[in-house]
Each structure stands twice: as structure tokens, then as C-alpha cells.
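Model the full assembly from the supplied sequences, consistent with the hints where possible.
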Amino acid sequence: MDKNLNVLIVDDYKTMLRIIRNLLKQLEFDNVEEASDGQEALSKLRTGNFGLVISDWNMAPMTGLDLLKEVRADARLKDTPFIMITAESKTENVVAAKQAGVSNYIVKPFNAETLRGKIEKVLGNA
Amino acid sequence: MPDGNPPDQIEAAVRAVLGTLSGDLTVTEAALLGELEALGREVKRAKSEIAALSVEDINESHIPAATDELDAVVEHTATATNEILDACETLESLQSKLDEGSAQALGNAVTRIYEACSFQDITGQRIAKVVSALKAIEARVAAVTGSFGSLPSAVGKRADATEGEQLANGPQLPTNASSQADIDALLASFD
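If you read the sequences in order, they're chains A and B. Every letter in the first sequence is one number past the one before it in the numbering used here, and letter 77, counting from 1, is 83. Every letter in the second sequence is one number past the one before it in the numbering used here, and letter 95, counting from 1, is 818.
Everything labelled a hint here was simulated from the structure, so no lab data went into it. Glycine is no exception: its CB is placed at the ideal position from the N, C-alpha and C atoms. Please note: incorrect hints may appear among the correct ones.
To be verified - Label pairs and their calculated CB-CB ranges:
no.: 1; chain 1: A; residue 1: 123; chain 2: B; residue 2: 856; range: 32 to 38 angstroms
no.: 2; chain 1: B; residue 1: 902; chain 2: A; residue 2: 33; range: 21 to 27 angstroms
no.: 3; chain 1: B; residue 1: 789; chain 2: A; residue 2: 85; range: 44 to 50 angstroms
no.: 4; chain 1: A; residue 1: 34; chain 2: B; residue 2: 867; range: 55 to 61 angstroms
no.: 5; chain 1: A; residue 1: 52; chain 2: B; residue 2: 789; range: 38 to 44 angstroms
no.: 6; chain 1: B; residue 1: 788; chain 2: A; residue 2: 9; range: 48 to 54 angstroms
no.: 7; chain 1: B; residue 1: 758; chain 2: A; residue 2: 101; range: 52 to 58 angstroms
no.: 8; chain 1: B; residue 1: 783; chain 2: A; residue 2: 33; range: 49 to 55 angstroms
no.: 9; chain 1: A; residue 1: 39; chain 2: B; residue 2: 809; range: 19 to 25 angstroms
no.: 10; chain 1: A; residue 1: 85; chain 2: B; residue 2: 866; range: 48 to 54 angstroms
no.: 11; chain 1: A; residue 1: 85; chain 2: B; residue 2: 884; range: 25 to 31 angstroms
no.: 12; chain 1: A; residue 1: 101; chain 2: B; residue 2: 767; range: 51 to 57 angstroms
no.: 13; chain 1: B; residue 1: 787; chain 2: A; residue 2: 80; range: 39 to 45 angstroms
Structure below.
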């Protein structure tokens, strides 16, 4: 697993971005960038070179699901591993995310072990 | 008929109909008169009950005060969470100065604090749901006190909302929420 890859974390709560960034640091992922909604994330993805996206769902003006669809529809970005971390825990949400091509799905509140396990699974398969 | 509120219009209509009834009344007319008088009394009673409720206070002070308080809760928890995270980062920077066992123990404790700090996001989303419910109540109270006319339609998702917006429900109550294990099983069922 390449821990030098660039990770984009997306959440409208600054505290959550900080928590995820710190947990990633513990997992030795030091190249982390942040965006506070789907639109900002998409422009960073289009101009940058990211090997993993970790995104919240419930954000404006662009939700995480809509970001995921944009990523999967973009010829250059479509294979980027994409983990959703969200409080949305309804079956319909998980199904919609899966159908849109999510790589894995973590429900908030989550623990560091779950995050580590999902990243390993997703990057192992990448 | 006056231009006033629907309740005033009903009262005026009752009075107008009563004014046209004169001379000997048939049984049907007498029954109608009785019904109209009852209707007039009912309207008058409803008006005084609504006045007694002082519903204007709800929109003028109670709901704005409640939403301000809730916004302040979110702000305070964000400030406190950032303080906690500052302290955690300071602790983590000391890890290299400790022996291996202590450094590990400190690292584990800090991780647990990071995990717990996600409460700020979850509670913030729950409070946002309550604020939006209060705003819906405010709109309905305004419609009722303004007139007995049409109520605004329930606050819902826009018709042109994306799938992501339509499915943005926020956190479920613990009894309804799926666990990580439930979600893992659901995802595995697609493979």
C-alpha cells in the first residue's frame, strides 16, 4: 500500500476534517488535502493527482453522492478509490452509493480501526 | 362582504344571511338560522381562543430565540472540540520523547479522543434538523395567524433536488440506525 499517495478528504465540518486528517497521520498518510463540499473537491480532483477520496455525504452545494457520480463519470478520475464516511445510515443510502460506484462505506461515528481496515481493503484492491 | 380575514368574512356572511331572514320562517329556515347562529358563535370563540394563545410571541421571540440558542450550541461545541484537538496534537508531539510502551498507550488514548470528537459533527447535524423543523413550524404559525387561508405546503425536498440531496437525511436515531456491521453485510451482498 502506497502511503505517499495524495488523499483528498471532504467534509463541511472543519472538526471532522481535522479528526480524519489526524487519524490518517497516525496511519502514516501525510499527503492530505481538504475540501468542504463536493464542488470544491471536484475542482481539486480535476487539477490535482489524488489516489484516494474520503468524503462525507450531506454537504452543500454538492453532496458526496453527487461528487462520487461526477468522479465515476470523469474519464481521468473514474478509477479513483472513493470511501464515503457519513452519518447517512439508511439502506437506501448505502444502495445508492454502491450503485454509484462507491469503493467502501463507513458510518459515523466511526473508529480508527474501521478507517484503517477500509483504506487497506480499498487500496489493496486498487 | 369586507376584505378582511377569512374569519371576518365568515362572520359577515352569517350576519348577511341572518339579515335576509325576516317574517315567518319555515321549519327549514329556522333550522338553518340555528345552524348559522351556532357557526357565528363558533367563529367568535375560535378567534378569542387564538388571541388568548398569543401565538405571535411564538414567531416574534420564542422560535428565533430557540434557533439562536441552538446555533450557539453548535458554535460552542465546535470551539471546545478544536481546543480538545489542539491538546491532542500537543500530546501526540510528545510521543517521541516517551519510551515505547508509554508512547503506544498515549497514542491509543489520543486515538480514542479523536474518535469521540466526531460527536461535534453528529450533534451538529441533529441540531440542524431541529432548526429546520422549528423553521417549518414558524412558517405554519405565520400562515395561521396571518389568516385562516392556505397553509404553506410541508417543507420538503426541492423537486429538482439531486439524488444525493434527496437522500441527505442526516443521522438516524440510534434505534433506527444501521451499524457498520449491517452496512458491511449489505455491501457484501452486492459482490
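Status of each hint after checking the structure:
1. For residue 123 of chain A and residue 856 of chain B, the Cβ-Cβ distance of about 36 angstroms falls inside the hinted range of 32 to 38 angstroms, so the restraint holds.
2. Distance hint for residue 902 of chain B and residue 33 of chain A: a CB-CB separation of about 23 angstroms, consistent with the stated range 21 to 27 angstroms.
3. Hint check: residue 789 of chain B to residue 85 of chain A, Cβ distance near 48 angstroms, so the stated range 44 to 50 angstroms holds.
4. For residue 34 of chain A and residue 867 of chain B, the Cβ-Cβ distance of about 59 angstroms falls inside the hinted range of 55 to 61 angstroms, so the restraint holds.
5. A C-beta distance of roughly 42 angstroms is found between residue 52 of chain A and residue 789 of chain B, which places it inside the suggested range of 38 to 44 angstroms.
6. The beta-carbon spacing between residue 788 of chain B and residue 9 of chain A, approximately 50 angstroms, falls within the hinted interval of 48 to 54 angstroms.
7. The hinted range of 52 to 58 angstroms is satisfied by residue 758 of chain B and residue 101 of chain A, whose Cβ atoms lie roughly 56 angstroms apart.
8. Between residue 783 of chain B and residue 33 of chain A the beta carbon distance is about 52 angstroms. The supplied range of 49 to 55 angstroms therefore holds.
9. Distance hint check: the CB atoms of residue 39 of chain A and residue 809 of chain B are about 21 angstroms apart, consistent with the given range 19 to 25 angstroms.
10. Checked against the hint of 48 to 54 angstroms, the pair residue 85 of chain A and residue 866 of chain B passes, with Cβ atoms roughly 51 angstroms apart.
11. Between residue 85 of chain A and residue 884 of chain B the beta carbons are some 28 angstroms apart, a value that agrees with the proposed interval 25 to 31 angstroms.
12. Between residue 101 of chain A and residue 767 of chain B the beta carbons are some 55 angstroms apart, a value that agrees with the proposed interval 51 to 57 angstroms.
13. Taken as a hint, the range 39 to 45 angstroms holds for the pair residue 787 of chain B and residue 80 of chain A, whose Cβ atoms sit roughly 44 angstroms apart.
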